[in-house]
Each structure stands twice: as structure tokens, then as C-alpha cells.
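Chains as they are written, first to last, in this note's numbering: chain A, 1 to 308; chain B, 1 to 308; chain C, 1 to 308; chain D, 1 to 308.
A few of these clues could be false.
For identical chains, the list gives no copy identity; a pair is met inside one copy or between any two copies.
To be verified - Simulated pairs of lysine-lysine, DSS-like, Cα-Cα distance not exceeding 25 Å: (1) Lys167 with Lys179; (2) Lys144 with Lys253; (3) Lys144 with Lys179; (4) Lys167 with Lys109; (5) Lys167 with Lys143; (6) Lys179 with Lys24; (7) Lys301 with Lys82; (8) Lys253 with Lys109; (9) Lys144 with Lys301.
Derived from the structure by calculation, the hints contain no laboratory data.
There are 4 protein chains.
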Amino acid sequence: MLEITQTMLEDALAYGRAFTSQGKTAQYIPYLRHVDRDLLGVSVQTVDGRRFSAGDSKTLFTVQSIAKVVALALALQDRGEKYLFSGRVGLEPTGDPFNSIIRLEVDRKPYNPFINAGAIAVVGAIKGRSGSEKFERLLRYFKKLCGSETVSLCGEAYLSERETGDKNRALAYHLKATKMLEGDVGEDLDVYFRMCSLYVTAEDIAHLALVLANRGLDPATGERLMAAEHARIIRTLMLTCGMYDGSGEFAVKVGYPAKSGVGGGIAATLVDRMGIGVFGPALDVRGNSVAGIAILEYLSKAMDVRLF
Amino acid sequence: MLEITQTMLEDALAYGRAFTSQGKTAQYIPYLRHVDRDLLGVSVQTVDGRRFSAGDSKTLFTVQSIAKVVALALALQDRGEKYLFSGRVGLEPTGDPFNSIIRLEVDRKPYNPFINAGAIAVVGAIKGRSGSEKFERLLRYFKKLCGSETVSLCGEAYLSERETGDKNRALAYHLKATKMLEGDVGEDLDVYFRMCSLYVTAEDIAHLALVLANRGLDPATGERLMAAEHARIIRTLMLTCGMYDGSGEFAVKVGYPAKSGVGGGIAATLVDRMGIGVFGPALDVRGNSVAGIAILEYLSKAMDVRLF
Amino acid sequence: MLEITQTMLEDALAYGRAFTSQGKTAQYIPYLRHVDRDLLGVSVQTVDGRRFSAGDSKTLFTVQSIAKVVALALALQDRGEKYLFSGRVGLEPTGDPFNSIIRLEVDRKPYNPFINAGAIAVVGAIKGRSGSEKFERLLRYFKKLCGSETVSLCGEAYLSERETGDKNRALAYHLKATKMLEGDVGEDLDVYFRMCSLYVTAEDIAHLALVLANRGLDPATGERLMAAEHARIIRTLMLTCGMYDGSGEFAVKVGYPAKSGVGGGIAATLVDRMGIGVFGPALDVRGNSVAGIAILEYLSKAMDVRLF
Amino acid sequence: MLEITQTMLEDALAYGRAFTSQGKTAQYIPYLRHVDRDLLGVSVQTVDGRRFSAGDSKTLFTVQSIAKVVALALALQDRGEKYLFSGRVGLEPTGDPFNSIIRLEVDRKPYNPFINAGAIAVVGAIKGRSGSEKFERLLRYFKKLCGSETVSLCGEAYLSERETGDKNRALAYHLKATKMLEGDVGEDLDVYFRMCSLYVTAEDIAHLALVLANRGLDPATGERLMAAEHARIIRTLMLTCGMYDGSGEFAVKVGYPAKSGVGGGIAATLVDRMGIGVFGPALDVRGNSVAGIAILEYLSKAMDVRLF
């Protein structure tokens, strides 16, 4: 394994830039449609405290599905893995698109926490007497994991999510019908829409990935933010299910755990070494950042860090 | 073909009574769970003005899916068949259970107006500036078709439907997500829950079936309640899709159009001859009245009226 | 109801001719690809012995799925309806394409005898010590039902079927795996391919439909060719499932039982009145003759004979 | 990371033995039904030449799905990854059982090389003028990868596979129908049945896993048996798809690549360190060796070698 350097990161960015024209921004959420697809940024933070950035690493974007990682970590903290994985959500990858409802009619339990149905079930398991309390707890935790006090709701994105969120409503009510969701569906959905609409930067999600890489301990503050065992479970699920229905191919091409969002972000985590955050809103057909994958593949080869 | 007689009807009732113990009342709607499963009634009304009844023909029960017939008739009146069948709902039977969501992910348009998804799309097409206005129009039409001013909401059933209606909410939001439903989902669902919770008697639905048999003209009043063409389309759909996923077997065994509801009612229609209403809340696994089917089969053979 | 006349039939043919250009011949079977799509013929035979023909009513074409009617009649004769419908094949329409395999993985029993899987299961139930014996029995019966000694195998079509029959092989082996088929799969498939490749004319299938309309009795010879009860079951299934996944729409538009084949034939049956055979190889997307449906719709309105 | 020792292996075996009673041998293949479910063995071979064994490590069992690894390696050698993965088989895990046919009707290309449909497509891509030649090539390669000349066909298992292989025939003909299989289906299926029926020992599959761990180079002979890149791809697919529809849970619990077979074997591979072979024929509901998983989980924790 080779060390990361600033030059390496800039080469990766240059390599990735060639790919932005191959994708397009998410079309089904009005807010995302108008984001500039040529934006591109990357940030690396190592467990021994070094930080590197290149490109639009401080540009705000909506975290979207990467929030599922934070929700899962909080639900694990609140309920423990036994409760969560035996009764609420599974651990198996599916080959289905992220918002598919088909399997819910056959198997009540969503297959994993990173498809929409699974993430909604996870949100349902977070503790809180109301949706607001759940979201407040989640947001506070989010900020800690990102090492940033500036994480905040993008109101326009939230309204956009809420307006176009009917497929997610269908998933949520189906979960409710089969007792996989027990509280108020409307409130849980609202938490889901809000957490997907949080503004973050590539640096923020690099820090989130760093905490996962450092087995739950924030190297900057020395604070334990999640149990080592939970960080391990999340890293594993990121590898098997983190890149939608492109997870298998990503594992072959890039070879370490990552979680993408349709906002264009990807958080990638190299255990005991570093967290990586990339941002490039041009997406491939599965909803993953095209240039983001290219950058991660470049870094994977340059540092020779594939797990397999 | 033989004439209907009071004796024939009483023999049919006696024959049907042997079957009530083979079924059970709908378990998934709390209100229905506690209905007496041994109730049994039948009513026949002929186009030339004769009326026969036997058993619990005046007992109130909730109309449930039989309301889909009324909603379809009203939506056809409001929008015409071209609008409705090209863009909102299909004409094809499916082998799926009535509340299945699976096909919606593949084909946006619900297969027919008598599965739940299709009926919700039909309710969406009924005119009205609000849910209340839609429901008022529907209720007024309902009373006319039943030739009864006493049709009214069963509050307990409605609350029960609403409380357990999450699968229907999932269907409705899925329809909204794919633009098959355009108005306010909550209001349309409320109309759906309310129409399913209307109190009717076997005599009421016999009259509804009579109007269909008489090609849309109420023989009692001489009033045209629906276009002859719409009555014909509805009779056809009742034959191919009216008895949930038991429609094919019912067509073979009984052989004329009918629509069932999980409240235990079945409305059967013999064109140019008569309408039949039966009520027996003990259901088979598909949700059809066990004794009701037995009575209709008995009458079909006794009068020799199978269409095939 | 109005009487059929030669003029009416010729008007129907003229009406149908406008539709041939809207369809195309079956592309997936090489033999069918090269059939002239402008051919069009119709034949009517009444239970009181009148016969009318117009257009290419004596042109040979391959019977394809219409053979499923004959196989079903023979299997009913061999095994009885109880054996056949409780253990081998269902009575329910599906909204699926004719060659779909999806439901077999969930429900072992094919949904009805007119989808390919169901028809293969029906062929498996026909008696015979070998495939050859089964086919010989079937062919003999076929000739009787068509009132024609000239029904014979189209060798080119058979080879074409066999070469491109892998989807049907998949269905057959799936049926074997779930014990819905018990004999030699290869031999049963061969019977299936051969029966689909029989050469018939519009007049032949009009006679088959006539026997069904006359409740199993051949009016020409006075011979009983199938039990009245079996003819009734088959007519019912033709109405609910006879036109592939266009059966529901056909029931609404035309309104009497019919069975189509991708060779371009349709056999339609009006109980106690007549059998109709049409042939027009230009197909719609579901595999039904476009001009054939138009002719049947014309006749249905002209004679006012819709069942509903 | 800790070193492997003989004591550690024996402790793992003792730990695993408690689990054999929780599973049962594969019931759907007659040959496997009668295997003694209490057999249990494990073998470890390290890249630096050490070998450890405990229990029934020299007992013959049928390799079953572990053969899919060998077939994939040979097809990659014969055709290259581009040909194979763009046109023949995917890289994505599915949540479906190993022999599911449902997805093939929607997506022609099987999702990955370790479900049955995918493995049959892979066999189809192996070079050879006949089935026999394909199998001869495969067997020769198999022996090399296992470092054993004694790998040979278990005739009884082969007959058993062939007799009960109708679901696999259905898959194969479906692949043929969609052009994912191009040669003679019968011959390719025969290769598939034969490769699954090969007799191996825990030591044999430990050696196969060792070659994968050593990046394609046999440490015993110094011979390169597969490209390093191919070994890497196979290790990755073993992690995401190697344990049937229990792959996600296995990744979380055990955390390194493994491939199971319903004969009770599991080959697990720790890159740059060792290959592990276990054999315990008592299976869980997904078809994985219960005690085998327990042993691998024990070793994973004892050596602290989880990838995540």
C-alpha cells in the first residue's frame, strides 16, 4: 500500500473530470435537476490526522442516501443490532433498484438498510417521542459524525423531496401495513425526507467516512461516536449494498466500502487508514456519481488498497 | 330458461346454509371480524317488476368492494370510457390477490377497476372539487342505484377501514407517484374508505344488479341511471374480474356476472332478466362469500341461465 | 338478435381489411415471419346447417394456440375435469403474456389451459403410451372436431417451432421440476410443437367452434364429440382467457368466447347459434389477429349477439 | 492479525461440532439425502507452505456449487472478463434463492456467476468443441487448482443430479431462448451436472482457496494457474455472492470471501495469507453448511482477519 499525497488526489480529480459529461443530474427530484453537473470535488482525511482536498470540496450538496449510514448508526445505538436486524431490516443485497417495492409484498422485511424501504424502517426504529425529536437527535449526531456544525437543512431540497416523495410514501405505508413500521408514518417519512435534504460538503462526508474507518472513534476529538462493532457492520453493508444495484460491480472495480447518494456524493472508507468524500452530481443510470466512481477507482489503484 | 319462484329461492337459501361453516368473516378489518358468520339472505328483483326475498335480506352489512361497481359507473359518466380506460385503468383480469401492488411497479396502469389499485384510480377520476363533494355525489348515486334512501355510512366500519388501510395507502401513493392519480391522495383515499363502509342490504344490491341487468334503466322508476353501453362494460368486467382471483372458477361454476365484497355481499346480474343480491359474511380464502357462491350456483342451475 | 347473411359476412371482411396494415406477422417463429400479412378470410357455420364463407377461407395456416382448445377437450375426456383442474391446471385468467414463466416459481400450477405452461401441462395429461400415440390420438380428434380429413402437419412450421421452442422447453422443464408434468418432457414437448404446427383453414376452425357452440354435438354428423359439460367449460375459458392478455378487452369489445393463435386464426363460438373461423396473419402486440378481431367485432354488433 | 495454529483449528472444529444438529443434508438431491450429517472436517493451507487439518478433512464429498468458482476461472481464461461480464453474466448479488428463474424473464443476463443460471451461462462460455471436451478441460484444471490428481466424478451423485435437474434444465433453456447460451443446451447442462458431482475433500478445496489467496499462483509448485486479476475478481464475487442468499449476513459475521456448495463444503480465501476448506453436510435453509459457517466465524475472530 502506498501513501496518499496531494498530487495523487489532484491527479485523481483530473482523471475524474473526464467522466462528468457521461452522466446527468438526478431528474426525478426537481431541486437536483438544476445542479451544475460539472462540479467535482474530493477530500481525504486519514486516521493519523492528515487532510487533503481538491476541487469543489467545500461546495454544499444534499446528502441524500448517504444519510442512511447515519440513520443506521443511530438506530443501532438506540436499539442494538439484534433488535434491528432480526425484526426490522435484513443484511442482504438485492439486485433491485433502490426504490423497488416488489419484494415487500413477498418478504415483509426490507432486504437491507440502504434501499429506501430499509432506510425508512431504520428511521422508524430511531428513538424519539415525535418526528421532530427524532430529527433533532439525528441532526445532532450527523454534525458530530461530519465534524461540522454547519450541516443544515436545505429547505428547497426538502420541499422538492416532499413533493415528489410518493413512491417513498408507498413504501412507508406498505411497511406500516406489514408492521415493519410502528409509529406515525407521516412523521417518520418527514424525518426521512429531511435527513436526505441535509446540506453537506465533500469534507463533511470524508469525516463521516473517517470515523467509520477509525472503528467509531473520531480521531480529531478522541470521542467514541459509535461502537466499533457497529462501525464494522456498517462498513460491511457499504461494501455489499452501498452503491445501489451497482454495488457488485463497484466492489470488483474499486474494492472498498462506499455509500453513494443521488445528490452526487460518495463516502468511502478504508479501515484503519482514511475516509474519502467525493462530490460530482453527474450520475450514471443507477444513481451513482460517474466521476465520483472514477476518482475512487483511480485512488484505489494508485494506493493499491483494494480489499480483495 | 326457467322462471324464478319463491320456492326456488328458499331452496337456494337452504342449500347455501350448509356452506356457511366452511368460511370465516374477514379477519383483517376489525369491524368485520365480529360479524355473525351464520347470517344468510338473498333477494331477487326482475326487470318485469317481481321481487323475491329469503332469509336475512334486510340485514345491514358493509358493501365493501361492491362499491367499486358504483364508483366505476360514476367515473364512466363523468369522464367517458375512452378517458378512463386509455389512461387510468385497464380491462384485463389478473390472477393476483385484490390488494397486490407488484404489477404497479412494472405496468403503471392498474389492470382493472375491481382490484383495489384500479378502484382507487377510478375514485380519483370521479369529479368533485373536494373529497367531500366526490363522496356526496357518489352517495347520492349509490342510493339511486340501490333504489333506497337508507344507504348510509357505517361509522364503525369506516374507522376500521381507515385504521387498517395502510396497504391501500401504499397503493394510492404508488398510483400518485406514477401519475395515475392526480388529486389529493388523502382525500381520494378517504372517499374510497367511506364508499367501502356503506351499509346496504341484500335487497339494495339486488336493485343495483337489476339496473345493470336492465341496461342502465331503473325499471321501478323508468329513470335512466347509466348509459346502456356503460352497463354492458360493467357487466362484462364483473364476469371477467368481479370475484377477485376466483373470477375464472366462478365463471365456470356459475356463469354470469357478479361482484363480491368482503362484507359478505355479492351482486349478480342476468341481463334483461334480473338482479340478485346475496349476503353471507363467511368468506373463502379469496374473500368471496362461501354460501353466497353456493346460492348463486344453485340458482344458475335451477334457472338454467349460464351464459356459456 | 339478427340472422347472419352472406352480405353481412362480406361487409365484415371489407371492414376487417382496413386493419391488416396495422399488424405484422409473428416474428419469433421463422416460418410465420414470411406469411403474407394481407391474407384474410372468414367462415361461419350455424347449428342449423348453414355455411357462409368470404375471402381466404380455404387458405391453409398453422393453428398454433387454437390447438390448445382441442388438447383441453381431449384431456378432459381422458381424465375428467376434477383430475385436470384440481391437480394440473387452473381456471384463472392472468394478465401475463402467454409464455410467461414468472408465476410458475410462485404457484406451481399453471393458471389456465390457454397460456403455454398450462397447455403443456394439459398435453401431459393426454393418455398415450408414447408421444407418437398421444399425437395420433390428438390428430384423429382434431380432424373430427374440424370436420375435415385434410388437417395435417406443416413440416416447415414444426421444424420452425422446434428450433425456436426454447422458452417452451424452459416452461416444460419447470413443470417437470414441480411435478406438474410426469411423463417424458421431450415427448410431451414434441406433441405440443406438432399440434401447434397443424395446417387448418378458417372453415376448419369454424367447424371446431360450431361443435363447441352446439354443446359438443357435431350438427353435420349427429355425433357427440365431447360432453356438453366440457364444451361449456371450454367456452367459458375461451371468454376469460382465450385472447392472451387481451382477453378482458376482447370480452368488452366483442363479447363472446374466442381462441386465437399466432398463426392468425381465431375460432369464436356463439352457443346454440354458430361457430366462426377467421384467418388474418397480421397480429397486434399481444399476438391476436388485428383484422380478425375487427371482423368479429363487426359481426358481434351486426348480429347483436354480445353475451353481456 | 494472529497466526493460525493446530490448536486453534481443533478448537474451531470443536466449536463447529455443536452446530451440526441444527441443519440437515440437502433433501432435493437423492444422493445427498443419505450423507452422514455429523461429518465435519477443516483444512488450512497458508501461502508460506504450512498445512493444518482437523476432523474429516480427507473425506470425499461432492463439490456442488464450489465448482462454479473453477468454471468461472476457466471461462475468464478462455474469454476474458470483458466478453464474459458484458455479454454473458453480471456482477451483482441478488437476494434470490440460487435456482430462481424469475429475474431471467425481466433481465436476460443472469445477475452473477454463482447463481445457477449464471453458472450455466459461464459453462456455456468455456471453450471446447463438445461437452466432453469442455468437461475434460474443466476436470484437468480442477485437479490443478485442488493440487490433487484424485478429483473424480462421483457417478451416483451425477446420476442423482441429472435425474433431479429439471429446474436447471428450465434455466438453461430459458438462457438459450434469450441467446445467453449459444451451444448445445444438453451438452452444456451435462458439463454442469458433472462438474457439480466431482468428489473432493476439505484439503482439495483448501488448496483451491489457497491459489485464489495467492493471487493465482500455486505456492506449492510456483505455477501460475490464473491471472492475478481474475483471482481478484473471483474473490470479490465470493464475498458479495458466494454464500447464496446468505452472502450479506456471512460478510457481516465472518467477513472474508467464501463459496459454499450444498454438498456441505465451503472454500474460504484470505488474500496473501491462506486458503481454508471446510466440510460439514448439515445445511441451513439457504443451503450453506451450518457447522462450516460456525468454524469460519470462529477462525475469523480467533485470527482477527475480517476484511471490514
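Original post:
Are the CA atoms of Lys167 and Lys143 at most 25 Å apart within a copy, between copies, both, or neither?
Top reply: neither (28 Å within a copy, 36 Å between copies)
Subject >> Copy assignment of Lys144 with Lys179, given that the CA separation must stay at most 25 Å >> reply: neither (32 Å within a copy, 40 Å between copies)
**OP:** Check Lys167 against Lys179 for me: Cα-Cα at most 25 Å, and say if that holds within a copy, between copies, both or neither.
**Re:** Both, since 18 Å and 11 Å are each at most 25 Å.
**OP:** Pop the pair Lys167 and Lys109 into one bin, within, between, both or neither, using alpha-carbon distances up to 25 Å.
**Re:** Both, since 17 Å and 15 Å are each at most 25 Å.
**OP:** Tell me, please, which holds for Lys253 and Lys109 at an alpha-carbon limit of 25 Å: within, between, both or neither?
**Re:** between (30 Å within a copy, 19 Å between copies)
Original post:
Under a CA distance limit of 25 Å, which applies to Lys301 and Lys82: within one copy, between copies, both, or neither?
Top reply: between (37 Å within a copy, 19 Å between copies)
Original post:
Are the CA atoms of Lys144 and Lys253 at most 25 Å apart within a copy, between copies, both, or neither?
Top reply: Neither. Shortest intra-copy (31 Å) and inter-copy (28 Å) distances fail the 25 Å Cα cut-off.
Subject >> Status of Lys301 relative to Lys144 across identical chains (alpha carbons, at most 25 Å) >> reply: Neither, since 31 Å and 30 Å both go past 25 Å.
Original post:
Between Lys179 and Lys24, at a C-alpha cutoff of 25 Å, which is it: within one copy, between copies, both, or neither?
Top reply: Result: close only across copies, 23 Å inter versus 37 Å intra.
The structure fails to meet hints 2, 3, 5 and 9 from the earlier list, while all remaining hints are met.
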